[in-house]
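Respectively, the protein sequence lines represent chains A and B.
Numbers given in the numbering used here equal positions in the first sequence, counted from 1, plus 3.
Numbers given in the numbering used here equal positions in the second sequence, counted from 1, plus 3.
By construction, these hints were calculated from the structure, which means they are not laboratory data.
All values reported here derive from a predicted model rather than from experimental measurement.
Ideal placement from N, C-alpha and C gives every residue a C-beta, glycine not left out.
It is possible that some hints are incorrect.
Derived list of chain A stretches under chain B, where covered just means 3 residues or more per stretch with a C-beta under 8 Å from a C-beta of chain B [what the hints assert, rightly or not]:
{"no.": "1", "segment": "155-162"}
{"no.": "2", "segment": "229-243"}
{"no.": "3", "segment": "381-391"}
Simulated restraints, written as ranges between beta carbons of each label pair [what the hints assert, rightly or not]:
{"no.": "4", "chain 1": "B", "residue 1": "E409", "chain 2": "A", "residue 2": "H78", "range": "54 to 64 Å"}
{"no.": "5", "chain 1": "A", "residue 1": "A319", "chain 2": "B", "residue 2": "R111", "range": "45 to 55 Å"}
{"no.": "6", "chain 1": "A", "residue 1": "D283", "chain 2": "B", "residue 2": "R109", "range": "46 to 56 Å"}
{"no.": "7", "chain 1": "B", "residue 1": "D331", "chain 2": "A", "residue 2": "E318", "range": "35 to 45 Å"}
{"no.": "8", "chain 1": "A", "residue 1": "D301", "chain 2": "B", "residue 2": "P168", "range": "42 to 52 Å"}
{"no.": "9", "chain 1": "B", "residue 1": "T132", "chain 2": "A", "residue 2": "E318", "range": "26 to 36 Å"}
{"no.": "10", "chain 1": "B", "residue 1": "A387", "chain 2": "A", "residue 2": "E254", "range": "34 to 44 Å"}
{"no.": "11", "chain 1": "A", "residue 1": "E318", "chain 2": "B", "residue 2": "E254", "range": "48 to 58 Å"}
{"no.": "12", "chain 1": "A", "residue 1": "D301", "chain 2": "B", "residue 2": "A355", "range": "42 to 52 Å"}
{"no.": "13", "chain 1": "B", "residue 1": "A37", "chain 2": "A", "residue 2": "A37", "range": "23 to 33 Å"}
{"no.": "14", "chain 1": "B", "residue 1": "G80", "chain 2": "A", "residue 2": "D75", "range": "41 to 51 Å"}
To give an idea of the chain A side of the interface with chain B (calculated C-beta under 10 Å), a few residues [said to hold, decoys possible]:
{"no.": "15", "residue": "G38"}
{"no.": "16", "residue": "I94"}
{"no.": "17", "residue": "F128"}
{"no.": "18", "residue": "T165"}
{"no.": "19", "residue": "G179"}
{"no.": "20", "residue": "V198"}
{"no.": "21", "residue": "L276"}
{"no.": "22", "residue": "R303"}
{"no.": "23", "residue": "T306"}
Number of protein chains: 2
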Amino acid sequence: MQVLAVSVVLMSLLEVGSQMGDQKTQGRHPRPLAGVRVLDLTRVLAGPYCTMVLADLGAEVVKIERPGGGDDARHFGPFLPSGVSAYFAGINRGKKSVALDLKDERDRETFLRLVEKADVLVENFRPGTLARLGLPVEELHRRNPRLVYAALSGFGHAGTETDRPAYDIIVQALSGLMSITGDRAGHYVKVGASVSDILTGLYGAIAVAAALFHRDRTGRGTTIDLAMLDCTVSVLENALSRFSLTGVPPEPLGTRHPSITPFQAFEAADGPLVIAAGNDALWRRLCEVLGRPELAADERLATNGLRTEHREYLEATLEPLLAAEPRDVWLAKLSRAGVPAAAIRDLGEVVADEHLRSRDILHEMHGGEGEVFITAGSPLRMNAASPELSSHAPELGEHTQAVLAEWLESAGS
Amino acid sequence: MQVLAVSVVLMSLLEVGSQMGDQKTQGRHPRPLAGVRVLDLTRVLAGPYCTMVLADLGAEVVKIERPGGGDDARHFGPFLPSGVSAYFAGINRGKKSVALDLKDERDRETFLRLVEKADVLVENFRPGTLARLGLPVEELHRRNPRLVYAALSGFGHAGTETDRPAYDIIVQALSGLMSITGDRAGHYVKVGASVSDILTGLYGAIAVAAALFHRDRTGRGTTIDLAMLDCTVSVLENALSRFSLTGVPPEPLGTRHPSITPFQAFEAADGPLVIAAGNDALWRRLCEVLGRPELAADERLATNGLRTEHREYLEATLEPLLAAEPRDVWLAKLSRAGVPAAAIRDLGEVVADEHLRSRDILHEMHGGEGEVFITAGSPLRMNAASPELSSHAPELGEHTQAVLAEWLESAGS
Chain A
4 MQVLAVSVVL MSLLEVGSQM GDQKTQGRHP RPLAGVRVLD LTRVLAGPYC
54 TMVLADLGAE VVKIERPGGG DDARHFGPFL PSGVSAYFAG INRGKKSVAL
104 DLKDERDRET FLRLVEKADV LVENFRPGTL ARLGLPVEEL HRRNPRLVYA
154 ALSGFGHAGT ETDRPAYDII VQALSGLMSI TGDRAGHYVK VGASVSDILT
204 GLYGAIAVAA ALFHRDRTGR GTTIDLAMLD CTVSVLENAL SRFSLTGVPP
254 EPLGTRHPSI TPFQAFEAAD GPLVIAAGND ALWRRLCEVL GRPELAADER
304 LATNGLRTEH REYLEATLEP LLAAEPRDVW LAKLSRAGVP AAAIRDLGEV
354 VADEHLRSRD ILHEMHGGEG EVFITAGSPL RMNAASPELS SHAPELGEHT
404 QAVLAEWLES AGS
Chain B
4 MQVLAVSVVL MSLLEVGSQM GDQKTQGRHP RPLAGVRVLD LTRVLAGPYC
54 TMVLADLGAE VVKIERPGGG DDARHFGPFL PSGVSAYFAG INRGKKSVAL
104 DLKDERDRET FLRLVEKADV LVENFRPGTL ARLGLPVEEL HRRNPRLVYA
154 ALSGFGHAGT ETDRPAYDII VQALSGLMSI TGDRAGHYVK VGASVSDILT
204 GLYGAIAVAA ALFHRDRTGR GTTIDLAMLD CTVSVLENAL SRFSLTGVPP
254 EPLGTRHPSI TPFQAFEAAD GPLVIAAGND ALWRRLCEVL GRPELAADER
304 LATNGLRTEH REYLEATLEP LLAAEPRDVW LAKLSRAGVP AAAIRDLGEV
354 VADEHLRSRD ILHEMHGGEG EVFITAGSPL RMNAASPELS SHAPELGEHT
404 QAVLAEWLES AGS
């Protein structure tokens, strides 16, 4: 049963593959960070996501991993039949792996010679870890004053609470994001993706790219200190303003919008959809689509303000109407009427999406034994082309000899 | 009542303000994009978030707004007593506003002369809008081949489905993110913040910074085409791999982790907290903290695999224990035992957080009539300093004369 499911997915993957091939002929991605050397000490998710984005943009990313185990994420499921971690492979495509034991004096000196040749160093250790290994940032900058040094951590390298363990769920809870995400009864939920990690990875890529620009103009490196907690608070946007103006902490709203109605999910006969009727004209069109044009004249529902005030009544009125027909029937009618709406798609529907295929956003990875699986591609489309992505994540230490030879040969060693 | 609440918030704000001042003396932010001129045609959230990040990094961001209404977000609540939109102010700090009507031929020519002086242009119109205004990207690049042109849209400028309206909720639904976010009964919820917009803004800032680096090295501009849908799919990480390996679409898990247990939210006597007991040793310590060391010997719960398999039993066992004491009691005990845990904080608790204050991540904005409110600051800490952020968002057309004089004076006009 599981084998069958995998086969079906693989068949659809091959199809995706050929369409991706066609798409690649459209233009040529500029690989804007080509020639940039990144030393990557990161593990698990936030840091590797950052350096994946840098690699997607053309940088040479060299993961420094401890001999034996390597990046912890190599041991996180899901696993391919060959034993390779799909979790690891999905966020380490196109990187090189160099095995060095930073607790060993000789390896540490090799590492420092690599630092001299690097443009960027990214790490996501707990604050203080590198200093304890005899590699404080001051020493790294002494070896290479032009180095862009980016430290990603849960709570930051400065502040009153730098040493606390930071998992994505802990940061979603502490940041307030979880307090505004959940159903209407106040049951909080975690965002289904590890957004605190990923937002930090994205802010990391922004900081590194901007610091490289600055370095080329001024000759000066930069020390970057990003905290998952800060990065997650940074996306709360108007919830924070609303709180500070009213003193009332916002609560989770399910799929509702705080001030626009109806702008939320409903259940059709065979699955959920969202309807975004953002103004009174769209509301009238929605009433027509539902076959109940007289609702538009209902004085409790005449304006957006009234609809928001009478939400329970509105929802009780719309729910049975929408439950009477399948989702695709509603979506076709709503589209014709110009009312913004969409299916809540599961990942099977997402992977099958023609438009996403045409945008190269579903990327095939290959395991060591011919296994194929999908990860997200890069959205960084430039000059009408998606980045050419590797379908391979490195084995531990795969590039140790090659990178040491290439980076250090001119050092006279 | 509401007035009282606001006063309380303002008092705490003043305190925050003085602490922020202290913090600023720690270092000096390098403002890595200082000297970069950004023409900003964006409206609402995704585009303005992108250019806010560029402004936070030191770029000069000039909003081109249509006379009369300006950016739609100027008319979105919450509003300050003076009528200024806190929604708008929160994501447009430190920008300049120039009023130009791109449908007017003279204004359009003025705009093109600004394009000649710009490093970057960012827009988030529906695809085709600028071309219909007589401003196709080819013409912009003819005027300025070094221009970095970034277009942010819902579905992208290339592909099979570019003309669909894109609200954050529509993209959360279509991307699959909503299908993995919700409670365990399969009721989907929207992430409480507009993450599809914001992720696109962040990817936009990455693309622009990398393209500027490339432009300085090669002399060539870049055309960037980012889609909210692509950017949101890009954060699904291992959920997508898991689906492609099993053929089974992942479902929402509430606050649970797919393969680690207990790693989720629980209710204490007075509020919710999350507990992240990621391995068997932490599980044994958790049993001790709960005063039930014998649970560690329960054969249904002995390993992480068994605990995940017997989740319902585990939760039914832990819930009454945790409900017996207040949250802070548990958090203190868990902290002493080294079991990662955290309160699910509401925004009131977030704003009061000492550590966030010490990191400068709560930023005071000032309205036109002395009003004060909080927005998120910038997490882009560099050289031990946070960016110096403006506390002011521009009035519509506030800088029209100044920017035209400064940017165009050397053009002999």
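Hints and how they fare:
no. : hint                        : verdict
1   : 155-162                     : holds (count 4)
2   : 229-243                     : holds (count 13)
3   : 381-391                     : holds (count 7)
4   : E409/B x H78/A: 54 to 64 Å  : holds (57 Å)
5   : A319/A x R111/B: 45 to 55 Å : holds (50 Å)
6   : D283/A x R109/B: 46 to 56 Å : violated (36 Å)
7   : D331/B x E318/A: 35 to 45 Å : holds (37 Å)
8   : D301/A x P168/B: 42 to 52 Å : violated (26 Å)
9   : T132/B x E318/A: 26 to 36 Å : holds (35 Å)
10  : A387/B x E254/A: 34 to 44 Å : holds (37 Å)
11  : E318/A x E254/B: 48 to 58 Å : violated (23 Å)
12  : D301/A x A355/B: 42 to 52 Å : holds (43 Å)
13  : A37/B x A37/A: 23 to 33 Å   : holds (25 Å)
14  : G80/B x D75/A: 41 to 51 Å   : holds (45 Å)
15  : G38                         : holds (8 Å)
16  : I94                         : holds (7 Å)
17  : F128                        : violated (17 Å)
18  : T165                        : holds (8 Å)
19  : G179                        : holds (4 Å)
20  : V198                        : holds (6 Å)
21  : L276                        : holds (7 Å)
22  : R303                        : violated (21 Å)
23  : T306                        : violated (15 Å)
Hint compliance for this structure: hints 6, 8, 11, 17, 22 and 23 are broken, all remaining hints hold.
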